[in-house]
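Asks: Sequence:
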Amino acid sequence: MLPFQVTNSPFNEEQVELLNRLWPTLNSAQKLWLSGYLAATESVGALQQEASATKEVTVLYGSQTGNAQKLAEKVGETLKHRGFHVTVSSMLDFKPNELKKINTLLLVVSTYGEGEPPDNALSFYEFLRSKRAPKLDHLRFSVLALGDTSYEHFCKTGKDFDKRLEELGGKRLYERVDCDVDYEEKAAKWLEGVLGELDKQGAISVATTSSAQAKPTTIYSRKHPFQAEVLENINLNGRGSNKETRHIELSLEGSGLVFEPGDALGVFPKNDPELVDWMIAEMKWSSETLVSVEENDEPLREALLSRLEITVLTEPLLQKLAEFSKNREFHALLSEEQEAKRKDYMKGRDVLDVLRDFGPWEMTPQQFVSSLRKLQPRFYSIASSLLAYPDEVHMTVGAVRYEAHGRLRKGVCSTFCAERLHIGDKLPVFVHQNPNFKLPKDTHTPIIMIGPGTGVAPFRAFMQEREAIGAKGKSWLFFGDQHFVTDFLYQTEWQTWLKNGVLTKMDVAFSRDTKEKVYVQHRMMEQSKELFRWLEEGAAVYVCGDKQRMARDVHETLIQIIAKEGQMTSERAEAYVADMQKQKRYQRDVY
Numbered sequence: 001m002l003p004f005q006v007t008n009s010p011f012n013e014e015q016v017e018l019l020n021r022l023w024p025t026l027n028s029a030q031k032l033w034l035s036g037y038l039a040a041t042e043s044v045g046a047l048q049q050e051a052s053a054t055k056e057v058t059v060l061y062g063s064q065t066g067n068a069q070k071l072a073e074k075v076g077e078t079l080k081h082r083g084f085h086v087t088v089s090s091m092l093d094f095k096p097n098e099l100k101k102i103n104t105l106l107l108v109v110s111t112y113g114e115g116e117p118p119d120n121a122l123s124f125y126e127f128l129r130s131k132r133a134p135k136l137d138h139l140r141f142s143v144l145a146l147g148d149t150s151y152e153h154f155c156k157t158g159k160d161f162d163k164r165l166e167e168l169g170g171k172r173l174y175e176r177v178d179c180d181v182d183y184e185e186k187a188a189k190w191l192e193g194v195l196g197e198l199d200k201q202g203a204i205s206v207a208t209t210s211s212a213q214a215k216p217t218t219i220y221s222r223k224h225p226f227q228a229e230v231l232e233n234i235n236l237n238g239r240g241s242n243k244e245t246r247h248i249e250l251s252l253e254g255s256g257l258v259f260e261p262g263d264a265l266g267v268f269p270k271n272d273p274e275l276v277d278w279m280i281a282e283m284k285w286s287s288e289t290l291v292s293v294e295e296n297d298e299p300l301r302e303a304l305l306s307r308l309e310i311t312v313l314t315e316p317l318l319q320k321l322a323e324f325s326k327n328r329e330f331h332a333l334l335s336e337e338q339e340a341k342r343k344d345y346m347k348g349r350d351v352l353d354v355l356r357d358f359g360p361w362e363m364t365p366q367q368f369v370s371s372l373r374k375l376q377p378r379f380y381s382i383a384s385s386l387l388a389y390p391d392e393v394h395m396t397v398g399a400v401r402y403e404a405h406g407r408l409r410k411g412v413c414s415t416f417c418a419e420r421l422h423i424g425d426k427l428p429v430f431v432h433q434n435p436n437f438k439l440p441k442d443t444h445t446p447i448i449m450i451g452p453g454t455g456v457a458p459f460r461a462f463m464q465e466r467e468a469i470g471a472k473g474k475s476w477l478f479f480g481d482q483h484f485v486t487d488f489l490y491q492t493e494w495q496t497w498l499k500n501g502v503l504t505k506m507d508v509a510f511s512r513d514t515k516e517k518v519y520v521q522h523r524m525m526e527q528s529k530e531l532f533r534w535l536e537e538g539a540a541v542y543v544c545g546d547k548q549r550m551a552r553d554v555h556e557t558l559i560q561i562i563a564k565e566g567q568m569t570s571e572r573a574e575a576y577v578a579d580m581q582k583q584k585r586y587q588r589d590v591y
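Under UniProt numbering, the first residue of the sequence shown carries the number 1, and numbering increases by one thereafter.
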């Protein structure tokens, strides 16, 4: 054998000298053992590296109101307790190019609006659909999709991600799971399935004890709401208004519940007793018939009042009810050929309409209640600060009433609050944290608040908080409604804050007081120069209220203002807004 040399080996001079002295002294058996040992060491190293890669999991979430984020964080905690190296991040904060380095990806994402991605998922969603998206042949993934079957595009964002990741070459670690509003059970099964697949692939080590997983939580939650006493319930609108907006104050004394401005209050309402009685009469049932709901026996009327959803029609509900009807028209409506007609029928109608339109029915009260989904909490932006009102929480609730299909329709929770909630009553509530709608940590940061109608609620909390902590940053409110005289919600409070400097600037738009309707986006455009100057100074923009029209119009107006005053193309202006979102300087709480 030729001696080792620096030129024919990867060794330096000192190493070459040592090897040339050692090698001639070894016999054949020693040389064979050494070569085998070195090969084995290299192989073990490669296996260890591969095993390390299987222990790394990235969890990304897209969340509008915080549900998907909380689930993603819970998934991350569970995986960490199983010995994984876990990264949990919003899609907005994740650098898409990192996808090439990831082997295991879990997505938890909600669907927002008319099948759209949440604000903090939009940039990642668009990247994956672009030509810049990389091949992901190395990737294994699984998607947990959150949605609501009462909306046409149920879980569309999750379905889109799932399909696109497969198109890019990814392999499903576990099949996508689509969750309705009661997502806890399905989400738990999805996580169990993901862990099972990782276990099959040898990626799970011995789990830590349950005590390590324990995490202190408040005693009151969605599953165990606090019975809050009603302290105040007043109509904010003046006489003659077309609207009824209730200001409700609740006591949290003894609950231990805490919240921050920007969070929401979950409220469990009761259904309209008149609607419940009409349904029972239509089916010729007895109100006192005992039915079982979640293993609890109670009278039919009480179950329909307090436990079950009776105003929202969904595809799964219609399919379940069809099992108890021989009505040909009903079965035809559920066919694929009549999809458009079915969707049109479901708009503005409730369960009573179905019972009246498609009898006769062959079902018992128990079969009926088993077809209905649980009554869901309604969420309201909290309108107060704990610093200003310790042990209290305030809500701003707009009563919803409208005529449709020959009958007056009522919002379940809003008219419950307006018509049947009195001072001294107890209301089941819980705090729903919204990490995507928060005041800047730097109290010197200017803020711009855009909240027409009940969308002004969280900004009342913002002002109370900033006043209490002595924040120095400028603040600007854009508020709109129908009439100045009857619909200027919390008018005296805004004027007081304007007078004492807590609120720097206020622009209002009352659409029915002028010949041509004027909305908040028109006031924004009128103030375009100063608004852009605030943005350049680092101001954070907050939008709260109607997602269908107002939020879209405000978004487009913001882009127009930036393009106009910044002398840039609409593409650059859109990129400016996208950058604001990444910096958490553009946040929306829309519904």
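Hints listed in this document are in silico derivations from the structure and should not be mistaken for laboratory results. Do not rely on the hints blindly, as some may be mistaken.
In silico lysine to any residue, SDA-like type, Cα no more than 20 Å apart, as pairs [as the list claims (entries may be wrong)]:
1) K74 to P360
2) K223 to S255
3) K284 to P360
This structure is a prediction, so every number in the text was calculated from the model and none was measured.
Asks: Among the hints numbered above, which are violated by the structure, and what are their numbers in rising order?
Replies: The structure breaks only hint 1.
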